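Protein sequences appear in the order of chains A and B. Residue numbering for the first sequence is 7 to 268, as defined by the numbering used here. Residue numbering for the second sequence is -4 to 190, as defined by the numbering used here.
Just so you know, the hints here were simulated from the structure itself, not pulled from any lab data. Treat the hints with care, since some could be wrong.
[As the list claims (entries may be wrong)] List time: in silico DMTMM-like cross-link candidates among lysine to aspartate or glutamate, alpha-carbon distance up to 25 angstroms:
1) B:K66 - A:D29
2) B:K175 - B:E163
3) B:K178 - A:E15
[To be verified] Now the in silico label distances, taken between C-beta atoms and shown as ranges:
4) A:R74 - B:P135: 40 to 50 angstroms
5) B:G164 - A:R47: 19 to 29 angstroms
6) A:G77 - B:G160: 47 to 57 angstroms
[Claimed, not checked] Residues of chain B clear of chain A, computed beta-carbon distances all greater than 10 angstroms:
7) A6
8) S73
9) K167
As the structure is a computational prediction, the values presented were derived from the model and not from experiment. Note that the Cβ used here is the ideal one computed from N, Cα and C, for glycine as well.
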Amino acid sequence: MTGPRTHDEIAELLGAYALHAVDPDEAKAVEDHLAECPRCRAEVADHRDVAALLGNSGGAAPEGLWDRIAGSLEEPAPPMRLDLPFPGSAPASVVPLARARRGRGRGRSSWLPAAALGAAAAVVIAVLGVRVVDQQDQLDDMEAALVDADLERAAQAALVDSRATRTTLQSSDGDVTVVAVLLPDGTGYLMADDLPDLPDDRIYQLWGQTEGGLISLGVFRTDTTVVPFQSTGSLELLAVTEEDAGGVVASENPPVVAGEPA
Amino acid sequence: MDELDDRELTAASDAVLVVAVSRYQQAALAEAYRRHAGAVFALARRLLRDATLAEEVVQEVFLRLWNQPEKFDPARGSLRSYLLAQCHGRAVDLLRSESSRRQREERDVRRTAEGGYDLEHEVVDLAVAERVKEALQVLPEGERQAIALAYFGGHTYREVADLLGEPEGTVKSRIRSGLKRMKGELAGAGLGGDL
């Protein structure tokens, strides 16, 4: 049967369609119709429920299958969590950059910078003779820049948020000053741009004084501009120390900067 | 929504689990798997008669839930129904693929010789089997056969018509009327789609 079908002709197919027992062209015709017809959609849902009861049985899935599924979900998460609640933007717009998920996520994370890179890299290579291996670095930089842009937007929004608590962290000699802002939900941002540069094998570590003691809020590299962090309780003090790459559980170093929330 | 801890995950409804899955919470997918993977696997294996292929289908179904959680619409049925429908669709695709066609034809010949399908014996879940069995018993033989060959055999209604030597239109109508009749019976028995 070809050509447009009437509602009744489609309706006759719904049972077979729900059981995946129609030919591809019929399936397509039914799906087109379902998009416009709530009554037929409801009927298919009913049929699927009955089918599910027929197909529903006990028993366990094979051993080890979950491990294989879990193992194929995605690459490891980046060192810092970026799927924090971002004021003024849906988390979904940020998360895919941080966590490469197949489907929707992948498109955002790599397509955008890659397209921009195409033209830019061609010019760079032709004019400056830059080695091709630099492309990947540049791609990484551009992805990082996009993440930073999101973060900075979120941090700026937090800075002007009237509910936020501001902390000024200073060095003991008063030469270095950075600002952190903490929202009522425990999301915080440290504007780390003005911290002194560190050698490659050193990192900064952010600490928070809570009722339970001094806890690590995360580590960050010297070129980081905004450090997101999450606190579960109120913070009486914020401090930044300099540590060996990887960070420490408890620091014995004096703080580079420290400050109490205003 | 903050991440759910283990206790909250265990207590969460399927719909809440899927929301957590959409927030990239792997533990929520693990919980959905714990609840439904057994049934998904059993259906895939029953259709494909091959444990390895069935495992692949289970993997695809749960990866799809992870990658496209928004495809599940709680307003249109339970998660179990949705996952089983996904599983059924994928298993049927595999059955119909060229590579397995020949094998399947041979199997069908053998099955016909053994007396064909017995739908009542295909439904094994103890909790609902009785009710489903009762609902099946009210179906006329023609409807029961058509549904069994389509659903558990993975045949199109045209193939079912061929197998049974009935007109295509008749088989198409029987599948639909049989499903409607069962829906009525199961709703009367308090099993109307609520798995």
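Could you work out which earlier hints the structure fails to respect and list their numbers in ascending sequence? 8 and 9
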